[in-house]
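In order, the protein sequences belong to chains A and B.
Here the first sequence is numbered in the numbering used here, starting from 1 and rising by one per residue.
Here the second sequence is numbered in the numbering used here, starting from 1001 and rising by one per residue.
Calculated from the structure, these hints are not laboratory results.
These numbers come from a predicted model, not from an experiment.
Heads up, none of these hints are tricks.
Calculated cross-link-like contacts (lysine-lysine; reagent style DSS-like; alpha-carbon spacing at most 30 Å):
# : chain 1 : residue 1 : chain 2 : residue 2
1 : A       : K286      : A       : K222
2 : A       : K291      : A       : K231
3 : A       : K231      : B       : K1168
4 : A       : K2        : A       : K20
5 : A       : K181      : A       : K10
6 : A       : K231      : B       : K1147
7 : A       : K20       : A       : K115
8 : A       : K38       : A       : K51
9 : A       : K51       : B       : K1168
A few chain B positions that, by computed beta-carbon distances, are all more than 10 Å from chain A:
#  : residue
10 : N1062
11 : G1063
12 : T1133
13 : N1136
14 : C1189
15 : E1197
Built from N, CA and C at the ideal position, the CB exists for glycine as well.
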Amino acid sequence: MKPFKVAIPKSVEQASRFQKSDDSPFIAGGTDLLARIKEYVVQPETIVDLKRIEGMTGITSTDDGIRIGALTTMNEVATDGSVTDDYPALSETIMNAATPQIRNMATIGGNICQKPRCWYLRHEGYSCAKNGGSGCWAREGENEFHAIFDNQVCAVTSPSNVAPVLVAYSALIEIQGGEEKREIPAEDFFITPDQDPGREVLLEPGEVVISIHLPAKNRTKKWSYTEAREKQSFDWAQASVTMLYDRGGRKGDHRVVLGAVSPAPLRRDDLEKILKSGSLDDAMIKKLQMKIGDGSHPLSQNGYKVPMLRGLIAQGVRNISGRKEG
Amino acid sequence: MDKKPEEPPEGVSRRHFLKGAGAAAAAVSVAQLPSEVQGSNGTEDEPTILGPGPVPIQLRINGVDGQTEAAPSTTLLDLLRDHQGLTGAKRVCDRGSCGACTVLLDGRTVDSCSMLAIDAVGSEITTVEGIGTPENLSDLQQAFIEKDALQCGFCTPGMVVSCTALLKENPSPDREQIRRGISGNICRCGTYQNIIEAVEHVSRKGGK
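Generate coordinates for the entire structure from the input sequences, incorporating the hints supplied.
Here is the structure:
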């Protein structure tokens, strides 16, 4: 690594002000940024270390659900009683991600802000729409693990296992820039390249994710998180399906969110409507399977993701119908 | 051929050289190291800025407080190996995917290649050297020998650290739990089965 300076702010305000004037990257757990520095994909003169800022770790109950500090490690989130009891899909998706060591280091705030795992984007030799150039190498190149939805401008997939689950639970992402705080629904926080190819999340310069708020309304729903990947450990999902099923059935407020098949988590209203149409049986599975590939534009090597999604959603319906009321 | 390999002459092996260099740097910083991490410009309004040159860093490793000087961009792994002479943790992938660099940070396994040494200030660091020594092996290290749980040995320090953490958290893990416990450590010789047996052996005897 090229040696760099480390700025250690004492507060979010300091971190925010410094980063805005300097454009230095933030570091939390470090598992993403250090790898990109080692690959010479980024060569910052200074990085801003958020780890020493107090009050950004831990999980607290609120009037409406729970609030997770952005610096809480993935393992701390996944094993917290309030998460395993009330937001089990979040625990499940984290335990599927990375390795025990990484889950002890990586923070949930860093997880949702990590850069995509496109091998062209992470190679110093390639310029593309995402890093200030134009075009997408993956569209005509090696695209086995790339997006099948929303892939016209850039075919990266959202790398965060947590992101689609946060969208399903209607999480709010709490952000601070300077002294200003704002909350953005997770569904709006993760953006696609046609909105802005240069970034994956709706953070302005100087803004820091400080916490994630999971509202109470979705916690009693039946749930399923299914994921496919090539290796049992240290691998990214090729496709995932997060489902929340409201006990209201036909009148229920259901959620179906696809992960790792598009540049941002993909909520599917059309599939949620199908969940309202009847009981969770084989006919329902068939309807969902017929529809789940709608709108996809597979590239030369990733057409397998459509049948993969069909398998995952079938398993999802079976998980839900076999699960007791939450 | 039964002669033991001779120790390399003093001062020429890479390991001895690095050990010496680490000790010298530490000796310099002892006198000038009052706080955990020293930096410049640290006021109430501005962040402390460290580097890019070496700064004194105070770490607690294997129960001993020590100081060393290293650039703030130094990973914990490089600091342990190149500045402290603790070469048990191995630098293999250097990207957090193989687990050969695994150490304990406050009792939890981490990939020391993928974090900055300055982020370990204030934490208790345990390397494989702190788990046992050739004269005083831990139960698990002894079981690795008895169950033939290594071939080339390169993954072994990381495996021992991960399995030690696993047994501390769960003294009677089943096979699936052991598999999950070592799912962040790659053994390219494929000795997983014997590693699992070594953990089960220690678990049965109630050791650690």
